[in-house]
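Protein sequence lines, in the order shown, are assigned to chains A and B. The end of the first sequence is residue 328 by this note's numbering, with every number in the run present. The end of the second sequence is residue 738 by this note's numbering, with every number in the run present.
Treat the hints loosely; a few may be bogus.
What the hints assert, rightly or not - Distance condition first, Cα-Cα at most 35 Å in a straight line; then the derived DSBU-like pairs of lysine-lysine:
1. B:Lys592 to A:Lys132
2. B:Lys692 to B:Lys645
3. B:Lys434 to A:Lys209
4. A:Lys209 to B:Lys717
5. A:Lys97 to A:Lys185
6. B:Lys592 to A:Lys133
7. B:Lys542 to A:Lys268
8. A:Lys132 to B:Lys606
9. B:Lys717 to B:Lys627
10. A:Lys132 to B:Lys542
11. A:Lys225 to B:Lys717
12. B:Lys434 to A:Lys125
13. B:Lys564 to B:Lys551
14. B:Lys717 to A:Lys324
15. B:Lys655 to A:Lys324
16. A:Lys132 to B:Lys607
17. B:Lys645 to B:Lys717
18. A:Lys125 to B:Lys592
19. A:Lys133 to B:Lys434
20. A:Lys288 to B:Lys655
21. A:Lys133 to B:Lys627
22. B:Lys627 to B:Lys434
23. B:Lys551 to A:Lys209
24. B:Lys592 to A:Lys288
25. B:Lys558 to A:Lys324
26. A:Lys225 to B:Lys607
27. B:Lys564 to A:Lys324
28. A:Lys97 to A:Lys132
29. B:Lys542 to B:Lys717
30. B:Lys542 to A:Lys324
31. B:Lys551 to A:Lys132
32. B:Lys645 to B:Lys655
33. A:Lys97 to B:Lys627
34. B:Lys542 to B:Lys606
35. A:Lys185 to B:Lys592
36. A:Lys209 to B:Lys592
37. B:Lys692 to B:Lys558
38. B:Lys607 to A:Lys209
39. B:Lys551 to A:Lys133
Just so you know, these hints were derived from the structure itself, not from any lab.
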Amino acid sequence: TPAGNAPPTAAPPPPAATVPPPAAPLSPALSGPFPGGRVVRLHPVVLASIVDSFERRNEGAARVIGTLLGTVDKHSVEVTNCFSVPHNESEDEVAVDMEFAKNMYELHKKVSPSEIILGWYATGHDITEHSVLIHEYYSREAHNPIHLTVDTSLQNSRMSIKAYVSAPMGVPGKTMGVMFTPLTVKYVYYDTERIGVDLIMKTCFSPNRVIGLSSDLQQVGSASARIQDTLTMVLQYAEDVLSGKVAADNTVGRFLMDLINQVPKISPEDFETMLNSNINDLLMVTYLANLTQSQIALNEKLLSL
Amino acid sequence: VVLKIIKHYQEEGQGNEVVQGVLLGLVVDDRLEITNCFPFPQHTEDDADFDEVQYQMEMMRSLRHVNIDHLHVGWYQSTYYGSFVTRALLDSQFSYQHAIEESVVLIYDPIKTAQGSLSLKAYRLTPKLMEVCKEKDFSPEALKKANIAYENMFEEVPIVIKNSYLINVMLWELEKKSAVADRHELLSLASSNHLGKSLQLLMDRVDEMSQDIVKYNTYLRNVSKQQQQKHQYQQRRQQENIQRQSRGEAPLPEEDINKLFKPPQPPPRMESLLIAGQINTYCQNIKEFNAQNLGKLFMAQALQDYNN
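The shape of chain B in the complex, shown without the other chains (with noise of 0.2 Å):
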């Protein structure tokens, strides 16, 4: 499974895009084990008729003829840069989810695959989660009442490979027969490139964020406005009614206040929930690059005082 994400990624899905898949396998015990995969082809303008549906069912029948376990128990995504943490993500999980509760989602990462060890991460949604979606209700009140904070949107599930003893005789004869890794990326100590991009994209996140909380401040201010507002009314009327009942004249009939000063709308907390934790992943990655790149900077700098 690894492989093919990898060679997916490689042949298909240069620069910005994200290239998907489906993962197969079957449940056992405690465990969900992944056995095979296959890809998803891109979406393109001029294949429209392509139907994606069919496409699954004929792959998923083709492979039980070669007993290979059509299961669906998640499905694969590369990611730019960490930057996966989206509302596209979030809702294809939840279908999945909602549908097979097993499921997971991988997500690869080329670049950091390309320094040196692969990266590669299966997150779920937490339960909590699981019920917001399901109301489809985002507003403030609900968020507080669930309980959740970008932390625990997705909990990250640990990855484990297996491999068989014919498959480990197989990786024996390769290692034999090829030729040595002449490229050590992950001992480099160049990481400007990377790290510039990391925090361009952290960047844009940060400015989102604060036109979000612009905007909900403004909502909270129209709230308190409104509700100043209505006092006011009702004080009117009271006195209205004060002045109306001294000069012996029927008091004006209670109005329903709501219907006056309609409440304005809260705005949905899901895209900030998000924005946060986008904000969470980009932090972890940068500073466990960080943490590598201050080790690799340690040992050079301790070699040249050696030297000396």
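Pulled out of the complex, with its shape left as it was, chain A reads as follows (with noise of 0.2 Å):
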């Protein structure tokens, strides 16, 4: 099966009905087929939530799946939100709940107008016949949709994240079937977003997997940790190629040159001053603060006399 240059792809065999061309497009539409490198970009809150509706999964069920909601731009798709939707199945058959889904998605918009329907995920490790099902449905809500895999049975100790699109294919007037390009999925986040991964991350190096949220000194004392280790990996690298163990590149060279001009050149009494003057105001905004702290209090005791 071609598929560009990416890597082959799972093909699903052809199932016995031959999928429909989708319907006049309801949303925005992206143009036909993705041109090469087409991106989809990913926020973790996404994730976070279809791993969690795994968890929270029926007895017996071997995957979830639910809706993706997004914007879409010109060259890519970006999935800000998501929602599980129940469904079944079985060996033969496999029942959505659509009402289920269209609800949902109506609730949603009430919230953030500006989300639509940009395909659907599943867990699990392969593209089944039954997603093909799946997806031919999902072509009627969206234009051309995307279907997300979240890999929750860990093959190869891996959580492979990865989405695909679909185009039809086969022989034309014989038997067609449908086949799942990959796309490249990247992961984007809001700034806010960074931190508060960065912050949920540390339970991965906790035994019983709990971190509370730290005081003001040791978030500093933190961060400029994380600095100091990134320096020395910069150091160690130029050592190497000082020494002669990995070949210099010019590009991490130049990289090199920027991160020494940014340290500014000032005089050491300007610097100083600066500095001193900062503290100043520092100190005397915290004797502000609590001076008008003991005058409430004062206050206080004044009133319940």
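Combine the two chains into a complex, taking the hints into account.
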């Protein structure tokens, strides 16, 4: 099965019925088949929701599915939200609660009116025949829907996360099938999301997977420790290049130049004055804050006399 | 839950507006576990027929179908520079806590988070404050009886983040694939903007507080003036009675003093309590921020000395 320059995809055996082409698009049009290199930008909150709904699945269900919501851009698609949809799957048939999906989408639209249905997700390792049917349904909801798989069964000791788009294939007039072409998945974060994820990631290192929120100076300390680590890595690299262990790379060299030039050149006296005036400002504000607090405490005491 | 709250503010709540939503979870032993949440749409004028209760009910019903805990355990709100001690918050939290005893309100501070560290705090009303709110009596005497100061209005509940193993696996995956964070806001030395805004808010509150104090003082003065007037009236009455007796007439009937001099209404103290609480929160935040910045400045100084 031709798949451009991408690695071989999981092409399911063609189902009995032919897959009809999508009807008139209901959402802003994505131009037909994606040109190579189309990117899916994924927010971590989507992944967290998917894993959470997998953990809450019904007894006996092997996988969960749900709808992906987000926005479309000229060159990429940004998935910002999702919700799970109850479904039943057995050997021969699959039933998805579409009423539910519609309802949930309406409710979500009330909060974020700019999100549209982009496609659907499923946990599990492979794309099965049932996936094709579900995908066909979603083609009616969104133009050229995306299918996201999250491998919660941890094949190859990795949780692989892949995205696909479907394209019809086969011999026209005879048996037609559907091919799922992979897309690149990139993770994007808002700044605050990045900070949230960094914090949550710390549970990976604690024995019972819990962390508290740290106090002010501790945070400054850990941030400086991080920078220190990265600096050590850069220094190590420079040493290796100097001693000939690693071949020198010009791009890295240019970045290093930028790094060194970023330290501003200020005369020591100017720097001292700047530092001191800043410190004085902060001390004064702290003093005022303490004063205010004692003032209101006093006020409270006087009132209750 | 953390990620959803962050996303909600980021997408829907720019500027001064607060974003709100509902927390879902359950109570286990002595812990309140918050396992999911969903946002509330903003209030806009052209949604007059939007039924909040119905939205909530529908959401919770749907979530139940996918095995998500559908028990209400509280609500969350974003805050602007730490100004969340308002009457509205008090009322909402009171009605929540009245209905569901264990409920908390999660305050998410997006500006502090953008500076480098997640700022999420959980608060409840103290039992004393619950009593006072139930009575709806905010006069000075009632508050004095209940012995409430602005410090014991809210109690903070410590938050701990817990992840399952599968989520940890996902986080490892994420870490491998995503680029290193290239912005270390936490170590930035620029603080004047944030400090300026916080101080501005603090000054506004202090102004309100002083106005409130002036009102209370006028009330006290009125009360004492009235006492004096009552006293004078009684004295005059007595003198007249003595005169009348000496002339042999019947003494004037005793009139009910209190009907003549109605005592002035004591001003409700709840506002001033809230303002004091808010000022306290501002001061705490400012001090924390300053401590961090002082640390950073001293580090910069040490580095400079080292270089020299």
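TODO: Mind checking the alpha carbons of lysine 132 of chain A and lysine 607 of chain B for me, to see if they're no more than 35 Å apart?
DONE: Judged against 35 Å, a Cα distance of about 30 Å means the pair holds.
- [ ] Quickly compare the C-alpha distance for lysine 564 of chain B and lysine 324 of chain A to 35 Å and report which way the hint goes.
- [x] Given pair lysine 564 of chain B, lysine 324 of chain A holds - Cα atoms ~24 Å apart, limit 35 Å.
Open item on the list: For a C-alpha distance cap of 35 Å, please report whether lysine 592 of chain B and lysine 132 of chain A respect it.
Closed with: OK: lysine 592 of chain B and lysine 132 of chain A at ~30 Å, within 35 Å.
Task: Hint consistency between lysine 717 of chain B and lysine 627 of chain B [alpha-carbon to alpha-carbon, up to 35 Å] - done: Satisfied, since the Cα-Cα distance of roughly 14 Å is no more than 35 Å.
Task: Proposed proximity, lysine 592 of chain B with lysine 209 of chain A (alpha carbon, max 35 Å) - done: 26 Å, holds
Task: Straight-line alpha-carbon gap lysine 607 of chain B to lysine 209 of chain A, limit 35 Å - done: 8 Å, holds
Open item on the list: Run the distance test for lysine 645 of chain B versus lysine 717 of chain B: straight-line Cα separation, threshold 35 Å.
Closed with: 30 Å, holds
Open item on the list: Just to be careful, I want the Cα atoms of lysine 692 of chain B and lysine 558 of chain B compared with a cutoff of 35 Å; is the pair within it?
Closed with: 31 Å, holds
- [ ] With a cut-off of 35 Å on the C-alpha distance, tell me whether lysine 97 of chain A and lysine 185 of chain A pass.
- [x] Roughly 21 Å between the alpha carbons, so the hint for lysine 97 of chain A and lysine 185 of chain A holds.
Task: lysine 592 of chain B paired with lysine 288 of chain A [C-alpha distance capped at 35 Å] - done: 45 Å, violated
Task: Holds or violated: lysine 133 of chain A to lysine 434 of chain B, with C-alpha atoms at most 35 Å apart - done: With a Cα-Cα distance of about 16 Å, the restraint between lysine 133 of chain A and lysine 434 of chain B holds, given a limit of 35 Å.
- [ ] Decide if the proposed pair is consistent with the structure: lysine 551 of chain B and lysine 209 of chain A, CA atoms, cutoff 35 Å inclusive.
- [x] 31 Å, holds
Violated hints for the displayed structure, listed by number in ascending order: 4, 7, 20, 24, 33.
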